[in-house]
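A.B. asks: For reference, the chains in residue letters:
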Amino acid sequence: MNLQLTLAARYLAGRKLRTALTTLAIIFGVLLIFGMNTVLPTMMAALQANVQGAEGEVDFSITNVTGEAFPAGVLDRLRDVDGVRAMAASLNRTINLPPDYVDGDPSHPDTVIAINLIGVVPEEARSLRAYPVAAGRYLDESDTASAVISQTLADAFSVDVGEIFRLPAASGMTGLTVAGILPADIMPGNEEVLVNLPQAQLMTEEPGKVNLIELNVEAFADQARRAEIQAAVEAALGESYQVGTLMAGDEMFAAMEMGQMALSLFGVLALFMGGFIIFNTFRTVVIERRRDIGMLRALGATRRTVLGTILAESLIQGLLGSVIGLLLGYLLAVGIIQVARGPISMFVNVQMGAPVFSPVLVVVSLLLGVGVTVLAGLIPAWNASHITPLEALRPSLGEGEFNRGAGRGFTVGVAIIVLTAAAILSGQAALIIPGGILFLVGLVLIAPAMVRPFASLFGKLTAWATVRGGIGGLAESNLTRQPARVAVTASASMIGLAVIVAAGGLVSSLTGTLYDLMQDNLGSDYLFIPPSIGLWSSNVGASPSLAEDLRQVDGVEAVSTLRFAATNTNGVAVSLLGIDPVSFDQVSGLDFIEGSESAYGEIAAGRNMIANGSFLLSTGTKVGDTVELLTTDGKVPYRIVAAGSDLLNAKVTTAYISQSNLQADFGSTEDVFIQLNLSPGADRAVADAQIKALAYDYPQFRVISGADYFASIKSQMDTAFSAIYIVFLVLAFPSLIAMLNTLTIGVLERTREIGMIRAVGGTRKQIRNMVVVEALLLAAIGTAFGILGGLYLGYVFVTGIEVIFPLGYFFPYTGILAAVAIGLIFGVLAAIIPARQAARMDVVAALRYE
Amino acid sequence: MSLVQTQNLTKIYGSGSTAVTALDHVNIKIHDGEFVAIMGPSGCGKSTLLHLLGGLDTPSSGKVFIDGASLAEMRDDRLTELRRRRIGFIFQFFNLIPVLTASENAALPVTLDGLKPAEAAAKAKEWLARFGLGERLSSRPDQLSGGEQQRVAIARALVAEPSLILADEPTGNLDTRSGDEIAGLLRSVSKQYNRTIIMVTHDPRIAAYSDRIIFLKDGKVVDETLLEKKSNRNAQIVADRVKEVGD
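Heads up: the protein sequence lines correspond to chains A and B, in order.
All residue numbers for the first sequence refer to our numbering, where the first residue is 1 and numbers rise by one.
All residue numbers for the second sequence refer to our numbering, where the first residue is 1 and numbers rise by one.
Keep in mind the hints are simulated off the structure, nothing from the lab.
Beta carbons: idealized from backbone N, C-alpha and C, even for Gly.
Fair warning: there could be bad hints in the mix.
Which bits of chain B does chain A cover? Going by a derived footprint, with three or more residues having C-beta under 8 Å, they are [said to hold, decoys possible]:
1. 23 to 31
2. 50 to 61
3. 73 to 81
4. 107 to 121
From the structure, some residues in chain A lie toward chain B, with a derived Cβ separation under 10 Å [claimed, not checked]:
5. Asn2
6. Ala13
7. Lys16
8. Thr19
9. Arg129
10. Arg291
11. Asp292
12. Met295
13. Leu299
14. Gly300
15. Ala301
16. Pro389
17. Leu390
Construct all of the structure, not just a fragment, from the sequences and the given hints.
C.D. replies: Below you can see the structure in the form of structure tokens.
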């Protein structure tokens, strides 16, 4: 092994505790990045499997660009395309089943939580796929309410050939007779229910329509021939159609990608903190080894050799930390998927398999982990290579140099902080958001100069508290002896704690604003809620007759419904919601960012729409612009007359148009969400009974009173927010490592001094207290910085969200309390190991320590 | 022929009113194979002179010539190479790398020079065996006594076969017996392997092992004494000279 690697490995092994602590920082960052990027793709893969399971082994699948259903006659355009061997059109819809729908047993989660309803023309479908019926028979043209299902599904519903099972449908509860049973499905994905096309069109309220054409090309077609056939198919269909995979689930992929980005960001932040910790360690390492390094130089080691030795050390640590991080990250992903399986299936109908991870992710995680470590080691390594042989033989440390460096940093840092404060005052999101990062940088820069004043301020407190211990002053001066190291540690803790305070700011602002909004948006007397809220396309709704029937109920004053169509503008997927302009305002309402309630009149008057913030942001449009929305028949222009959003759709790119326009341009009449209000004098008991009776045939909806829904959402939100706190607490973990690392280094460095204090009569307890007080001072400095940084960062989060959603800033008292508590607890925790180490030191050995 | 020569070698630390002249126009010549001790009171510039001779520090004015080549003209890379191949260092505090074994420590200069590990280890073993450490090859520094550690350091100084050995108080951290052993070892190295050794010491008994003693005071050469070979009286002569020159 070469000298650099030998030295690196031996030095690392020689300081096991410090190596472990430093490596821990890397492990943690890589673990987060790898783990989180494994969990979400696993969910996505599950979703994709559900989608693709429906697709099977066909050569091409054709859908409308919008993802919506289209006339069945489109198939005829392909009849004359050369090279197409067989084709079939079908109508595919995922039907989310209400909880415990299949077995009716709440104590036992259902194995089947969603099914794919597939309407086919029996003989056409058979030309593409084999349906080896194990019992009963295959579908016949004349069948109406008959279905072919798999053995698995038959078992789940406990039905046999000739028996009836019931499914929720837009037309109300529908019974289907089992005509035949296919062998148990081995492909991943939802269970399929095969029915005749007209039956499916009836159940989904889409008469005459299909949403998928599949075709197989002539046998033995090579790549070029297939491309030729594909081009011919595309030419025959026009630009409204696409050849490829099914597009369903786009909205969900987008939401998950957002989540993945956020979590990756946490991982990067954690690695960033890890970088600080490593930087600190290596700087200490270099100071500690000045004599060794100088000696190497005296013996003829080149600067490059010295640089290489320190970098080899960081490389080994980076690799070690990253590999362990990868392994633990995988285990974390397995754990999360196990735990999350139940709760997640309540919100989204996805069944998850084993964790899925890509080789690219492994490589990226490794590169990030190793890269950050090597980068953090670079400056100390460079410094080491510039130690002259002579410097090493003299016992001096450049204190003057530190003061000059700290002074320069302080000036630049103060300038940055003043600028970012000005950004806040300007109120411009474009200035405030980058200001958040700059503000943290400013704090990092002023940190070295602030260590002494902060330490002396908090030191007075601890000196007062430990007046009898006789060690308070010693702890303070020990800490300020290495202000640069303390500053780096405080910077690492600062980032961790700032995120907690910022989260507090976000949570207090969100709760403050959202509870008001919920009263406005969802404050109606009754709500009909589908299984997937916000991801409308996966829900089976109800035909307009349900809303009509509800309007006839005694005591019902107004009924408002939401209808859904998927569309696309300039390549951006848009969730289009149809509202009834009159009743929507009576029962629910939007919060306008720009414009007012008069916009409801405008969307009734023509092709006008109200866009939400996310729409404006992702399409780069503004109120007054006209956008082209894609329909199954081509593009239609819509003018944006106002900007506003409701609670349920805030995070999805959404536009609101009138239901009559939705029907005319997008052919959608299905209600996916229903709200209603009772008149003031209504007999509530009677109305309640009638509403619930009507709802009986539509088990796809959960019927709940507005007050109950508010309470359930509030408790869900509270749970979610505490989960946010836990996530951020995890993120603060590296600050614990940073403090532990710094204290351990400090104790090690002062071994001889501690031995001396013990020799002249210091008790173990005094030594222990000295380290604890030092830890508390260190934590206090980090926390003070963290609170400052967190307040700004919180404001940045809120400003960022305000771009798409109206939100007020609420001061995060809880977040600050949490940060103080976590900071102090971490301080004490960080002191445990070093304090024990210091107190148990053998006096004679300590005095001899070099 | 002189292996080492200085020309008006001057070193001033600091500037203005706080300037301290550590070396003041020092002119010395040291011949091939000579064993020279540099003596003088604390702060007289002994160590500064040694550092300048080894190219560890740069003079304020004047020149150092090793084998006729001026160090002033050499860039860091050349100086580093010179130290690696032509000069061996021995320090008061041994300065062994704590995480390397005796053999690895002794092999450092040739390892740094790119010699194959097996050959480097063989060379180190050879020197360590000559100094009676053949059984301690795998011991770490903390497992060795002070005298043993210094013998490892001497093996390290010799492993690259340099013509010049610079020793800064090599016995300063050792007891009398070990000190005598080390000084004797240096003398035999000088004679047996024809190495030029320049040793800084303040101990007359140790200086007595050398061929010639250069006395420094206030940065200037104030006296030179040649010693007779292998005389028991040498130590006394040196002690007397020290008194005369003044502590």
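A.B. asks: Tell me the hint numbers this structure goes against, listed in increasing order.
C.D. replies: Violated hints (numbers, rising): 1, 7, 8 and 9; every other hint is consistent with the structure.
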